[in-house]
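Participant: The hints should help you fit chain B onto chain A, whose structure is shown.
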Amino acid sequence: MIELDDAGQRDRAAGEYVLGTLDTGERVAFEVALGRDPALRALVGAWQDRLLPLTQQAPAAEPSPSLWRRIELSLGVADAPRTRRAAPPWWARVRLWQGLSAAGLAVSLVMGALLLRQTVPEPAAARYLAVLESPDRGSTGWVVEVQAGRTLRLVPVGDVGHVPAGRAWQFWTKPEGAAGPTSLGLVRAGQTLELPVQRLPAVGARQLFEITLEPEAGSPTGRPTGPILYVGSTVAL
Amino acid sequence: MAATVAGTSSAGDHMPSHDAPFDYESAVMACARGERYALQSLYQRESRWLLGVALRIVRDRPRAEDVLHDAFVQVWQHAATFDPALGSARGWLYTVVRHRALNAVRQPDRLVSLDPDALARWSDAGQAEANDGDRGLDADSLERCLDRLEAPRKACVVFAFVDGFTHEQIAERMATPLGTVKSWIRRSLAALKECLA
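In order, the protein sequence lines correspond to chains A and B.
The numbering of the first sequence is the working numbering, which starts it at 28 and goes up by one.
The numbering of the second sequence is the working numbering, which starts it at 3 and goes up by one.
Just chain A, same shape as in the assembly:
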């Protein structure tokens, strides 16, 4: 995983992001960081401009005459419910960057849900995001979005494969400083899980979420007994 605290690694990651060689996990994490880090967006902008001339190595291809019409039709649908904002708040920007990748797209759905909720004037509740990665392969499998007082969403973003026959995937959380993890139930491959946050012992930054491989009916001990398949901790948004 990229350490975005390190100046050299930040610039390298920005270059590889533009080049397209970050793997899915790195890309999701990078795009999450982009949403809250204007300096990182500036590094990306500089790399975009450095490498832009390489785009002329691909020969031009004339689009079908109907393509523009198709785009226009989609705009009609797409922009109808949107209201113009003078200055988009930072989380609207996050949506753009995250819209740039497939995995990010799932994150942007999460952010989109937040966006909708924002239209209801309520006191802002703290929001957190965790990217769950495979400790073996480093690949991203899930994103957790949680907002204090509301719901937790566990969204699959990568190819997480299938639950082996006779086994189950169990979802856990451990808030920072807690003695041990709390089970949040079993999860199914490729399905978004939504839970009321009242099921969680707490909600905060650096809160651990993980998915472990357990017997078919879940861990018999109330504690993880099998290997960790995906793990990550929250960052505040």
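Hints may be right or wrong, so weigh each one.
[To be verified] Stretch by stretch, here's where chain B covers chain A in the computed footprint (C-beta under 8 Å, at least three residues): (1) 46-52; (2) 64-73; (3) 82-93; (4) 97-103.
Everything labelled a hint here was simulated from the structure, so no lab data went into it.
Beta carbons are placed, not taken as given, at the ideal position from N, Cα and C, and that holds for glycine.
Facilitator: Relative to the frame of chain A, chain B by itself:
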């Protein structure tokens, strides 16, 4: 863009365009204000190049058109997030299209099958397409800097950016260990940055 003279690098001193320079930044900002003609002007100006870039990565024309469609919808919806202080509008536009195309080929169920001739076609990687007209890009500096890299390292950068290959695909195509490819790319980017500074 074929005739390049090493050393002439300042933007704007290359071949003259036939008309006044297109203002990409203004067009994107007009999109943010909901002015649809601005999106159309971007499309008219750039779509054949953008489709070419997408087609090269996804290798399938209907899918490339889907990528371009989705990218233009995204540009329209998110134009307000473009910040001209952070880079050019054209760079932003190509990043939107390229990442859309990369998504299309990197879906878990859609692993791209590599064209066996890909490597052969790219034995001359780095040669700019000479017959597609002037796009007003300052390609000379980047070309000169790429030419300073050893040929296999230059090919890695081109495979990644132009063909949208992953580290693994590049390693396979070049019959080179994965770690070597990763380190070549890392060092090539650092060298390009220094050369272009």
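Participant: When the hints from earlier in the document are held up against this structure, which numbers fail?
Facilitator: Hints that this structure does not satisfy do not exist here, as all of them hold.
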